[in-house]
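A.B. asks: Build the full structure now, drawing on both the sequences and the hints.
So the protein sequences, as listed, match chains U and W. Residues in the first sequence are numbered consecutively from 1, following our numbering. Residues in the second sequence are numbered consecutively from 1001, following our numbering.
Keep in mind the hints are simulated off the structure, nothing from the lab. Be aware that one or more of the hints could be misleading.
27 Å max Cα-Cα, derived DSSO-like pairs, lysine-lysine [claimed, not checked]:
(1) K1004/W / K20/U
(2) K1004/W / K1094/W
(3) K1004/W / K1092/W
(4) K1004/W / K16/U
Derived list of chain W stretches under chain U, where covered just means 3 residues or more per stretch with a C-beta under 8 Å from a C-beta of chain U [to be verified]:
(5) 1028 to 1039
(6) 1051 to 1063
Bear in mind that the values here come from a model prediction, so they are computed numbers and not experimental data. Every residue, glycine too, gets a C-beta built ideally from N, C-alpha and C.
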Amino acid sequence: MSAGGVGNAVRIANKKLGEKQVPLMGVLAAFIFAAQMLNFPIAGGTSGHLIGAALAAILLGPWASVLIMSCVLIAQCLIFQDGGLLALGANIFNMGIVASFSGYYLYRLATLLLGNNRRGKLIGSFIGAWGSVILASIVCAIELAVSGASPIGVVLPAMAGLHALIGIGEGLITGAVLSLVLATRPDLLQLQRI
Amino acid sequence: MKSKWWLIALLSCLAVASLSPLASSSPDGLERVAEDKGFIGLVQEAPFQVIADYIFPGMGNEAVATILAGIIGTVILFGVVYGIAWLLVSRKRKLA
Chain U
1 MSAGGVGNAV RIANKKLGEK QVPLMGVLAA FIFAAQMLNF PIAGGTSGHL IGAALAAILL
61 GPWASVLIMS CVLIAQCLIF QDGGLLALGA NIFNMGIVAS FSGYYLYRLA TLLLGNNRRG
121 KLIGSFIGAW GSVILASIVC AIELAVSGAS PIGVVLPAMA GLHALIGIGE GLITGAVLSL
181 VLATRPDLLQ LQRI
Chain W
1001 MKSKWWLIAL LSCLAVASLS PLASSSPDGL ERVAEDKGFI GLVQEAPFQV IADYIFPGMG
1061 NEAVATILAG IIGTVILFGV VYGIAWLLVS RKRKLA
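C.D. replies: Encoded structure:
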């Protein structure tokens, strides 16, 4: 399923990607990798870190985001022994596909309802980023339950509860980066979404 | 100057990577749930190690090793994704 999603992402990017998006793709991949290293503390001796899929999807579109996230996750797995080889498919599905699309469409919905101005964009990016983390954690919990690691009644509330907190961090970082882009290069938000 | 905005952006990413030794070392959301609910034991060791746990091997100072790992990863990801995107775009230009 993940391989099919990534293949489709390559196909769509192949059709729609423009020259202007090339450096932005690279920069976002670099930023997401660097930011994922920065675990921030949340309640009770637990930490969280950025996924970054919502940010990439808001700036470039969900398919381009799937492509970027896949590259980040593959590099983390192969070079840094993080995430795991056997879980790579699930990680690409959760943090690549699920988080990118949920983040993108929640953001679109929010800007539709709140207005496509600076305020709407910033609130929308927070909602999109927060929602993307929750949804990815719920899908991950379902996968853990199906694979027999832990019963769904135990693992689902635990994952969703913690990630409701981590999602606040994701939302704040995504909003901060978006406001930086709006302040310095607002034209980047006019690019076609992929 | 305007076309070189990404250079500034990349340098900012490297600055973010250099902050990595300050990151919280507490277990993250999934690790915490796995520990609390008793399935962390299902984790299997990687069959090979390159820069495991974001610590560049063979360095005395762990903070420096972490920064080095972060910088290497950031540069690799910029290069790889830029390269893939550039390939996709240039192939299209040839077809057109």
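A.B. asks: Could you run down the list of hints and mark each one as holding or not?
C.D. replies: Each hint, compared with the structure:
Straight-line distance between C-alpha atoms of K1004/W and K20/U comes to about 12 Å, which keeps the hinted pair within the 27 Å bound. Between K1004/W and K1094/W the CA atoms are separated by roughly 25 Å; this keeps the pair inside 27 Å, and the hint holds. Our distance criterion of 27 Å between C-alpha atoms is met by K1004/W and K1092/W, whose separation comes to about 24 Å. Pair hint K1004/W plus K16/U holds up; C-alpha atoms about 23 Å apart against a cutoff of 27 Å.
With a threshold of 8 Å between beta carbons, the proposed coverage of the segment 1028 to 1039 of chain W by chain U holds, since 10 of its residues qualify and at least three are required. Note: the segment 1051 to 1063 of chain W has 4 residues with beta-carbon separation from chain U under 8 Å; the three-residue rule is met and the coverage holds.
Going down the numbered hints, you'll see the structure goes against none, and every one checks out.
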